[in-house]
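Participant: Quick note, the sequences are listed as chains A and B, same order.
Heads up, the first sequence is in this note's numbering, so the first residue is 6 and it goes up one at a time.
Heads up, the second sequence is in this note's numbering, so the first residue is 6 and it goes up one at a time.
Because the hints were derived from the structure by calculation, they are not lab data.
One copy or two, either will do: identical chains are not told apart, so a pair holds if it fits within one copy or between any two.
Below are the BS3-like pairs computed for lysine-lysine, each with C-alpha atoms no more than 27 angstroms apart in a straight line: (1) Lys94 - Lys113; (2) Lys113 - Lys98; (3) Lys9 - Lys67; (4) Lys11 - Lys115; (5) Lys115 - Lys101; (6) Lys113 - Lys101; (7) Lys11 - Lys94; (8) Lys87 - Lys101; (9) Lys11 - Lys34; (10) Lys98 - Lys9; (11) Lys91 - Lys113; (12) Lys87 - Lys11; (13) Lys11 - Lys98; (14) Lys67 - Lys11; (15) Lys98 - Lys87; (16) Lys87 - Lys113; (17) Lys9 - Lys34; (18) Lys115 - Lys67; (19) Lys67 - Lys98; (20) Lys115 - Lys9; (21) Lys11 - Lys101; (22) Lys9 - Lys91; (23) Lys91 - Lys34; (24) Lys9 - Lys87; (25) Lys34 - Lys113; (26) Lys101 - Lys9; (27) Lys115 - Lys34; (28) Lys113 - Lys67; (29) Lys11 - Lys113.
One letter stands for each residue in the lines below.
2 protein chains.
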Amino acid sequence: MAYKVKGTIWIEGPGGTFLGLGRVNLLQKIAETGSISEAARRMNMSYRQAWEHVDAMNRESKTPIVITNTGGQGGGGTIVTKEGLKALKQFEKLHKRFQSFTSRETTKVKL
Amino acid sequence: MAYKVKGTIWIEGPGGTFLGLGRVNLLQKIAETGSISEAARRMNMSYRQAWEHVDAMNRESKTPIVITNTGGQGGGGTIVTKEGLKALKQFEKLHKRFQSFTSRETTKVKL
Chain A
6 MAYKVKGTIW
16 IEGPGGTFLG
26 LGRVNLLQKI
36 AETGSISEAA
46 RRMNMSYRQA
56 WEHVDAMNRE
66 SKTPIVITNT
76 GGQGGGGTIV
86 TKEGLKALKQ
96 FEKLHKRFQS
106 FTSRETTKVK
116 L
Chain B
6 MAYKVKGTIW
16 IEGPGGTFLG
26 LGRVNLLQKI
36 AETGSISEAA
46 RRMNMSYRQA
56 WEHVDAMNRE
66 SKTPIVITNT
76 GGQGGGGTIV
86 TKEGLKALKQ
96 FEKLHKRFQS
106 FTSRETTKVK
116 L
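If we strip away everything but chain A, and leave its shape as in the complex, we get (with noise of 0.2 angstroms):
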């Protein structure tokens, strides 16, 4: 028989999840458009879902994680922070190590 051993990883912050791949999606989607109604699109996800996990980031966050500056001249844009870019390539780096670990681990069943 072929085992292999899988899992999923999260960042959790005191309140509840902070970031996990699907947030990490999300807000390389926000990056990308700059909006997080065409994030959602992209995601296959309502509006109302990307923005409630927006908001649990950034409740979550010291400082906030996506920012959106409404109106001015060039009008609004939303934007994932410096603190948001940190966070995603920390995750990206944890997300690797995980992989090399059920990797390895795969190899040490023995059933």
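Chain B: place on chain A using the hints.
Facilitator: Below, chain B without anything else, positioned relative to chain A:
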């Protein structure tokens, strides 16, 4: 902010999940009680659910994980096989290494 790295881990066979924390608990209770229905009761699970987990594990293993001997002089009895106990032990070790991994990763989160 106090962040923690959390996650779940399981072993997958060619046809689906083979063993995770829930099934490990179920196997431990079957080994303790010699009965799927008593193990199910202690897990707050229906007999049908427990039986389906057992059946799925047996299907994902080349030799059975749990066997039921019906009738005979001493009546029937359900046991976790040698193969099942081996799988249990390997999962427990894997799970400990995973807990070390998440603890180590928690110290690396700098946000």
